[in-house]
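Place chain B on chain A using the hints.
Protein chains: 2
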Amino acid sequence: MGKISPHPLSALSIEETSRARDIVLAESPKNVIQFRMIYRQEPKKAELVDFLALEHSGKLTSTSPRPPRLASVHYVQAHQSPDRRADEFETIVDLDKNFIISKKIVGTEYLAGLSTWEFDILVESCKTSPLIQERVAQFDLPPGFDIVIEPWPYGGMDQPGEVRRYFQGLVYAVDTRTNNPDSNFYAFPLPIIPVMDFEKREIVRIDELATGGAGDDLVPAAPRTGGVLNHCVSAEYVPELIPGGTRKDLKPLSVVQPEGPSFSIVDESLVEWQKWRFRVSFNPREGAVIHDVHYDGRSVLYRLSISEMTVPYADPRPPFHRKQAFDFGDGGIGHAVNSLTLGCDCLGVIKHFDGVLVNPEGDAEKAARVICLHEQDNGIGWKHTNWRTGRAVSTRRRELVVQFIITLANYEYIFNYKFDQAGAISVETRATGIVSVVNIDAGKTAPWGTVVNPGALAQNHQHIFCVRIDPAIDGHKNTVVQNESLPLPMDARTNPYGNLYEVKETRLTTSVGVDACPQNNRIFKIQNLDKKNPISGRPVGYKINPPPTQKVLADPGSTQAHRCQFAKHHLWLTKYRDGELYAAGEYPLSSKREEGGVADMIARNDDLLQEDVVLWSCFGLTHNPRVEDWPVMPVEIMELHISPVDFFTANPAIDVPSGKDTTSQLTTGSCCSKEKPRL
Amino acid sequence: MGKISPHPLSALSIEETSRARDIVLAESPKNVIQFRMIYRQEPKKAELVDFLALEHSGKLTSTSPRPPRLASVHYVQAHQSPDRRADEFETIVDLDKNFIISKKIVGTEYLAGLSTWEFDILVESCKTSPLIQERVAQFDLPPGFDIVIEPWPYGGMDQPGEVRRYFQGLVYAVDTRTNNPDSNFYAFPLPIIPVMDFEKREIVRIDELATGGAGDDLVPAAPRTGGVLNHCVSAEYVPELIPGGTRKDLKPLSVVQPEGPSFSIVDESLVEWQKWRFRVSFNPREGAVIHDVHYDGRSVLYRLSISEMTVPYADPRPPFHRKQAFDFGDGGIGHAVNSLTLGCDCLGVIKHFDGVLVNPEGDAEKAARVICLHEQDNGIGWKHTNWRTGRAVSTRRRELVVQFIITLANYEYIFNYKFDQAGAISVETRATGIVSVVNIDAGKTAPWGTVVNPGALAQNHQHIFCVRIDPAIDGHKNTVVQNESLPLPMDARTNPYGNLYEVKETRLTTSVGVDACPQNNRIFKIQNLDKKNPISGRPVGYKINPPPTQKVLADPGSTQAHRCQFAKHHLWLTKYRDGELYAAGEYPLSSKREEGGVADMIARNDDLLQEDVVLWSCFGLTHNPRVEDWPVMPVEIMELHISPVDFFTANPAIDVPSGKDTTSQLTTGSCCSKEKPRL
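Chains as they are written, first to last, in the UniProt record's numbering: chain A, 1 to 679; chain B, 1 to 679.
Bound-form chain A, shown alone (with noise of 0.2 Å):
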């Protein structure tokens, strides 16, 4: 009793993380050969739900009943044969009682995500590979040339029923005569693709790339050998390599909170910030995840997270169609997290939250920084002038933002959950980070790709997230109701001038994929059927406005379009199930079709009228590379809207104060006065 049980939303302790890891170990002493990951299992949503709302009646005492604290462990374990393929491990640990409650071994027709150890094990074996070695001195490289190796997923395996642990690495040649380790080996594409079966340790295969452009054929003829980087050329992004360094005119600016942040933090998960209140965690398959979110005490969701994201790639030439990452199902997103940093990934008075990642070993290791949160400035937030008095009355919009950043390879994405004072969430991301490149002859150009830098080819391709939405509309049981705005002919009658329009509601009352629509102005209502707003009499929701982006462009008959049905419609609406989050399935890698992904939910055909409805959004960016792309690209931004609408009886940010900012300056005569002579 004495003891005192963590939240049941918050992330496991490391602690907690290797005690799952010793119960593991305690019942298989010598097996176990590697560790993945360990992290919370999730509650039950029966019992979670049963506990937050004695929490959120302030009725929970030390004897409430509460979840049970359980952990998944996911590791690799040889197989009692010999000759077998080892075992990928899931197994849950109930860390109250400390036993084992449930193993389950992944199917072999899957592979389990991979992790970051076994891309050392693809660069070292690269490394010592003869026949990388005797395949690089083909290559005429430029003195001061050095290998480096890209790991990257094999992608979707191109034979029928063939599951093989394979990982591929792309080829890159570094400028060590720059003597800076982070000088930009990208610019540098060599043309082969060596190909690792991960079960042999071994390097089988190298792949041929060709290097033409429009017109030439799909396959190299032979091998390129020789001065494939003569035409190459350095494009650096740290300041100290870019010729002629860094713009000197940019003044300082900086967010300070003089009173602190008005946000304030319990638990290293509960956030409470301008009648806001949430639970943040982190996982390594998810990145930050959040819960139980409320507003002036109103359920508003259940949970919030970005469950996955594909980027297939569009070069028609073998082996570019297995170019396709699924960046969160791959293997995680654990440690292909960013350690943030003060003052550059975000500004102002900042809370960082640590994560807990295990090593191969399973020991458990603080991942420093892998949240920030911080509040921000956008502009004005409402706005009015009485023009009889002059008296204008203007509020700023403040935004609380929960950030989390992922290095995969070259490229990067920056993932912010963002709250605002008048009840909305917005999801943003921004890629960055660097094209993928590869080798292309020197003056020649390929319609499925641009050059950015002489040499280098970044291929077009597409980014396509899905952000998974669990509602609690005042509740557990919601409704998704497509609106539309449509327009209406004239009629004596009903429009006699031809303004009216009609505002058409459909209800969508089974599982179903549908699309954006702008040209309809089609949005998404999330209502509570069983509660009306008391001022305008329609039920109480939030609305979501899919971003209408391109869905995926593969021919529908490709791997590539197998992989990742969830890409195929805007907005998926599935009945909730404990344990499914993700969008493409579990099991993603060289998959060569989704599996237990949103296209397998909806086709069991739930009932979704006042059900416990989950919707999955969609959305993305063909990103057919310009060279303003290279060497680093600026941010894309996208966003994903989530308002009331009704739900509230007002503005909820009319209460927010229009104090003015009394540190805000008016330029003086320093800045204005460069005088140049008039004519």
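It is worth saying that the hints were derived from the structure and are not from the lab. Hints are not guaranteed to be accurate.
Treat identical chains as interchangeable: a pair holds within one or across any two.
Claimed, not checked - Think about it this way: if two alpha-carbon atoms lie no more than 35 Å apart in a straight line, the pair counts; the simulated DSBU-like pairs of lysine-lysine are:
| # | residue 1 | residue 2 |
| --- | --- | --- |
| 1 | LYS44 | LYS127 |
| 2 | LYS248 | LYS275 |
| 3 | LYS444 | LYS532 |
| 4 | LYS200 | LYS531 |
| 5 | LYS531 | LYS30 |
| 6 | LYS248 | LYS531 |
| 7 | LYS444 | LYS504 |
| 8 | LYS660 | LYS366 |
| 9 | LYS127 | LYS275 |
| 10 | LYS103 | LYS251 |
| 11 | LYS531 | LYS444 |
| 12 | LYS275 | LYS660 |
| 13 | LYS44 | LYS251 |
| 14 | LYS477 | LYS444 |
| 15 | LYS248 | LYS532 |
| 16 | LYS504 | LYS275 |
Structure of chain B alone, referenced to chain A:
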């Protein structure tokens, strides 16, 4: 020779404005009734281009040819025969030579744009009108309530051939017992609209409004009388009247720039910032206009402006079909522009620009702080982490913002031209203010609006903006290319794995109206075909992503739709002509049909292959109000992006310093130690 002329792109000074007035008055000493506007007549492009070329080449001397300095003077003059409608003059004055070079009388088929002094007369006439007094007396206003008249343009005339200078007044009641002149009268709408014939200075009619809802007749069976406000309740927004006051837990957040801003200003018009160089000017029709935009010495745009916007309302009951504002063209935004306030409308170190407006007598008056210029931080600009070394290089995204704000009766619009360090420009619109409401009977609802307060129905409407972009991509001869990403079927020879997609480009070589198509990732490149990017080999260009928002919904045969042809396409391409600045034509006030707008311009079928092309981007918001939009709505933000595509040879922001902001802080114990009992 000794006299120094202002730059041809700078707005008229007070002295120049007064002189233009005096020159007009000298010629017509007795007949001028009122002045409407006096502003700089923009130089003919051919002349200005030559001047700017000299300026940019550094070869400008005091003897270089300059475009004449011209003033456009709009005024009302009594007709010789007193029973004829007054003449509306638009006279061009040469300020170098101090004489009138042209006089134009607005055709009697048009109405000259309104002036706010006409609205003052409308309000005054309503107050003294016995007709209105009698009608108002039929209502039982609550004790202490006074009438408030909200002047509006009349909207499109109903009768063929009718051209009358009518204005209408929306009528509300204000609770004087608050002793606060800013008490929100919009919460108390009265069901009448007086109509004034301005020529006669007479209230000619009172339109009776229906107050029913779904299923009720569109026209009132009888004028409503009695306690029509009895079910209305107050809804205040000024802080001292908000029940419970403003929230107390918002801590200050300030932007400080200890070394001042990074921009410099010359001549009160030339802005230089982070390799950008442009002029900003103010005029009473368009507000802030951006001219002669260069980045790093290269020409990007000749001119960028907000050309027009329309707000048609969708309540089918007469006379609401005439609720349709053209907030720029109805009368210019001159006296509707806000005087911006330091620390409220923008933070940090601010440069304010003043404008010049005239009163009815033509006296030039300084319009203080009509534009503000400031820098802002917008998160991460670009970032890459080398996972091998762990080194992250991260830059912040600094933006320069040119802002102006207008108040049109109940509503406000915030316009931001934003420049970033990566060579991109955005035009951001924010809609806020108070939604337009009409009286609705207690307990009723209506399909054409939302009850946002008891007795107050906010009618559905659209806001459709038009941004005029006059590009000069490395010169004035440019070509617009439609660029789409389209699926391709699997094909053994060209697309063996089905992952290839086609990027299809189509030159738009004749003036045309086209549409956004996000499902095809349709973008429009503005290219200079005469200049290739040395890296990619493609023509240098900028691209725009026209926001794929809903077009005008009104029946194509309706007056509403006839008046805003511009709202029927997302993008119009026209060939430049001097003076063609307005998407809905010069005279939309009470028009029955758009004349001289973009639809007429494209009908010329001008050739646009490497010609002086102008783009008109039309986007907006279908606004079916939420209860949360009341009493003042949170900003609805829309953005148009104009970004380089193969214009530069690399990311122009690659040289932005990645220095750490040293004032950012971690949260201290005090903000995070708020303890709750753990359970």
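Structure-based check of each hint:
1. LYS44 <-> LYS127: So LYS44 and LYS127 fail the 35 Å test inside a copy (46 Å) and across (67 Å) alike.
2. LYS248 <-> LYS275: Only across copies: LYS248 and LYS275 sit 11 Å apart there, 42 Å inside one copy, limit 35 Å.
3. LYS444 <-> LYS532: between (63 Å within a copy, 14 Å between copies)
4. LYS200 <-> LYS531: neither (60 Å within a copy, 54 Å between copies)
5. LYS531 <-> LYS30: Classified as neither; 57 Å inside a copy, 68 Å across copies.
6. LYS248 <-> LYS531: between (58 Å within a copy, 30 Å between copies)
7. LYS444 <-> LYS504: between (52 Å within a copy, 19 Å between copies)
8. LYS660 <-> LYS366: Classified as between: cross-chain Cα gap 24 Å, same-chain 42 Å, threshold 35 Å.
9. LYS127 <-> LYS275: Neither: 55 Å inside a chain and 45 Å across chains, both beyond 35 Å.
10. LYS103 <-> LYS251: neither (58 Å within a copy, 50 Å between copies)
11. LYS531 <-> LYS444: Answer is between; shortest inter-copy Cα gap is 18 Å, intra-copy 63 Å.
12. LYS275 <-> LYS660: both (22 Å within a copy, 32 Å between copies)
13. LYS44 <-> LYS251: neither (52 Å within a copy, 38 Å between copies)
14. LYS477 <-> LYS444: between (58 Å within a copy, 27 Å between copies)
15. LYS248 <-> LYS532: between (58 Å within a copy, 30 Å between copies)
16. LYS504 <-> LYS275: For LYS504 and LYS275, only the intra-copy Cα distance (33 Å) is at most 35 Å; the inter-copy one is 49 Å.
When the structure is compared with the earlier hints, violations turn up for hints 1, 4, 5, 9, 10 and 13 and for no others.
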